[in-house]
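**Q** In case you want the letters, here they are:
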Amino acid sequence: MSRGIRFGRNQTWSRRTFLKASAGAAALAGTGGLALPNRARAQGSGLVALVHTQAAGDNGPIDSMIASLKKLSEEQGFPIRTIYAQDSATFPQIFGSLADAGAEVIAGTFNEVAEPIKELAPAYPDTKWIQIFGDPFDPPMPNVVTVSYDYYLGCYLSGLFASRVSKTGKIGYIGGVSLPPLNADLNAMKAAAAAAGGGQTVTGAFAGSFQDPAKGHEIANQMYQDGIDYIQTDAAATDTGIIQAANEGEGRMVSAISPEQYKLGPSTVIALVALDFGQSLYNEVTKAIGPDFQGGHLSTGLGTGVIDFLLSPVFEEQGPADLVAKAKEVWPEIEEARAGIINGTLEVPFNTEL
Amino acid sequence: MDDTLIAILRSGTPLIYVTLAGVLAQRAGIWHLGLEGLMIIGACAAVVGTVQSGSVLVGLGIGIVLCVLASALLWFVIEKLRANPIIAGLGLTGLGLGGTDLAVQAIYGSQASVNAPFGLPRLGDAFGQYGVLSILVLFMPLAVAGVWVLTRRTRWGLQLSACGEHPFAARSVGVNPARMRLAALCLGGVFCAIGGAELSMGSLQIFAYGMTAGRGFMAFAAVIFGAAHPVGATGASLFFAIVGALGIRAQLLFGERVPHDLLLALPYIATVIGVWISGKLRGGAKAAATFGELRDY
Chain A
35 MSRGIRFGRN QTWSRRTFLK ASAGAAALAG TGGLALPNRA RAQGSGLVAL
85 VHTQAAGDNG PIDSMIASLK KLSEEQGFPI RTIYAQDSAT FPQIFGSLAD
135 AGAEVIAGTF NEVAEPIKEL APAYPDTKWI QIFGDPFDPP MPNVVTVSYD
185 YYLGCYLSGL FASRVSKTGK IGYIGGVSLP PLNADLNAMK AAAAAAGGGQ
235 TVTGAFAGSF QDPAKGHEIA NQMYQDGIDY IQTDAAATDT GIIQAANEGE
285 GRMVSAISPE QYKLGPSTVI ALVALDFGQS LYNEVTKAIG PDFQGGHLST
335 GLGTGVIDFL LSPVFEEQGP ADLVAKAKEV WPEIEEARAG IINGTLEVPF
385 NTEL
Chain B
20 MDDTLIAILR SGTPLIYVTL AGVLAQRAGI WHLGLEGLMI IGACAAVVGT
70 VQSGSVLVGL GIGIVLCVLA SALLWFVIEK LRANPIIAGL GLTGLGLGGT
120 DLAVQAIYGS QASVNAPFGL PRLGDAFGQY GVLSILVLFM PLAVAGVWVL
170 TRRTRWGLQL SACGEHPFAA RSVGVNPARM RLAALCLGGV FCAIGGAELS
220 MGSLQIFAYG MTAGRGFMAF AAVIFGAAHP VGATGASLFF AIVGALGIRA
270 QLLFGERVPH DLLLALPYIA TVIGVWISGK LRGGAKAAAT FGELRDY
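As they're listed, the protein sequences go chains A and B. For the first sequence, the working numbering begins at 35 and goes up steadily by one. For the second sequence, the working numbering begins at 20 and goes up steadily by one.
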């Protein structure tokens, strides 16, 4: 019996012929694929790409960056592409393909994109690279901008605020994954509680994921049951579960990260350690497509419009009257601390060790 | 104590429903690694269906229909296209994770998490502190008992086991193994939809991309740990839920002294140990020899 593959009435290919033909087709497709980006590069697409390494849908950083990029694209009329890259092994390929396709600006998020950018940026000197939330490159590269955020300074203010508004003196912190910047946030809250005096305690926990609202909900529930009445979130999409847990009891407060989260807990999201990643990306891409682009590192802290500690205006309207009154009463002290951090009279330790 | 029990039931119930789906598939001879994908389809459909229709029942119904269809697709790929069940199951998981993300983007124009205005009905004040749990928690023991009766005390259940263990023998007495597998997978699809709905609508009322966070794979591990016995696998699921709750408690109590990452890994360490013990007790090497192969001879 023939063991070939039948094509039409009288055409039967042997398995070997079929495999050879398949390999030939694959090689042809591969060659075509290589040629296509070169043609795109020759045309100069003006493409701005964002490679985000956390999923969108977090009501926070990623959503904010995508929205800002869309806004800038509509204002300036350039094409954009946003790509969710989960697997670090694929980063070089994704970045390389975008550069080959003639992208003018490629932005990547968080520390994990540093190595592929270091590797590829010298090979694509005409492409401008932006790393959102990364350490400075040593030595710096002329076509790469790295941006870091002193989020821990906002967490310090949150810890100070929590120490003043908490009725139980028990404060919580829930992070996504124990990473050096998040450890620094937790330590800043502890430093603030210690500086406030009065014996407040700060308990930290990590959900192990930035995308597990159920776990966030469970951790927050256990914290609230232990008497903690103020939780600082630092866990992207996991935050939604934490806010949900706060909504299930009286006198529970949450400090979140994005104004998008006000609506999730109008009477529980009391404040934000706001980090406007969207605004930051908007600023950097605007510089990158302009004539005055310069590579280097940008450290973003309080007073830059990107990081701040804000009292929720929604909470002021819909929160419990006693907590709203207390928050307003202590706010001048928070403003004073913020001013101290900005002018350098108040120094907040940056400690990444737990 | 009550708080801990509530936490265990809250995190264990979705896992148990999905585990029951895995039990049915395993008894039919299929290593079901698509549980994660089916679970997230159920979670997404429950929330999106509720938001779009204004009815939890409609949302749950949509989830059940989609999960049954996806299960039928898995059966078709395994049974008719002769694909390896392990690979096909992983493909279904990818389809579920990617498909739900695409669906949310197509419907709402963004990948943002979807919030439902209300969740599944709660048990209510009559159950005291346990009133915060959803009614699916109450139905869970009934589902376990139902699957136990179905698989251990009915002709259909014995035929299903025969199809999984020795399809040739089953066929020789007039049983169609392919049809039995289809029924087992589709019934499992119903359980996955319920488990997913409990995860997203039981206490959260939220759907976020990837929110199952590996629970489907833990359910699969529970099936292996519990030797595909409905009660044993349920016990394994509860064990994982207990270890998970204790992991959180340990973080709050010992987070200052013990690395958080180690405490977070406790459920997974327990899973590996559980599967290892299970293999030792029942001759794991023998089971591994036929790992993933659809026996149809």
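Be a bit skeptical, because a hint or two may be false.
Said to hold, decoys possible - In silico DMTMM-like pairs for lysine to aspartate or glutamate, Cα to Cα no more than 20 Å straight-line: (1) LYS321/A / ASP160/A; (2) LYS204/A / ASP22/B; (3) LYS204/A / GLU184/B; (4) LYS362/A / GLU381/A; (5) LYS321/A / GLU109/A; (6) LYS204/A / GLU282/A.
These are calculated hints, taken from the structure and not from any lab test.
**Q** Each hint should be assessed against the structure and marked as holding or not.
**A** Here is what the structure says about each hint:
Of the supplied pair hints, the one linking LYS321/A and ASP160/A holds, its CA atoms being roughly 15 Å apart against a limit of 20 Å. Distance check on the hinted pair: LYS204/A and ASP22/B sit about 19 Å apart at the alpha-carbon level, within 20 Å; holds. At most 20 Å may separate the alpha-carbon atoms for a hinted pair to count; LYS204/A and GLU184/B exceed this at roughly 56 Å. Note on LYS362/A and GLU381/A: the hinted pairing is violated, with a Cα-Cα distance of about 24 Å set against a maximum of 20 Å.
Restraint check: the Cα-Cα separation between LYS321/A and GLU109/A comes to about 14 Å, which is no more than 20 Å; the hinted pair holds. Restraint check for LYS204/A and GLU282/A: the C-alpha separation of about 18 Å stays at or below 20 Å, so the hint holds.
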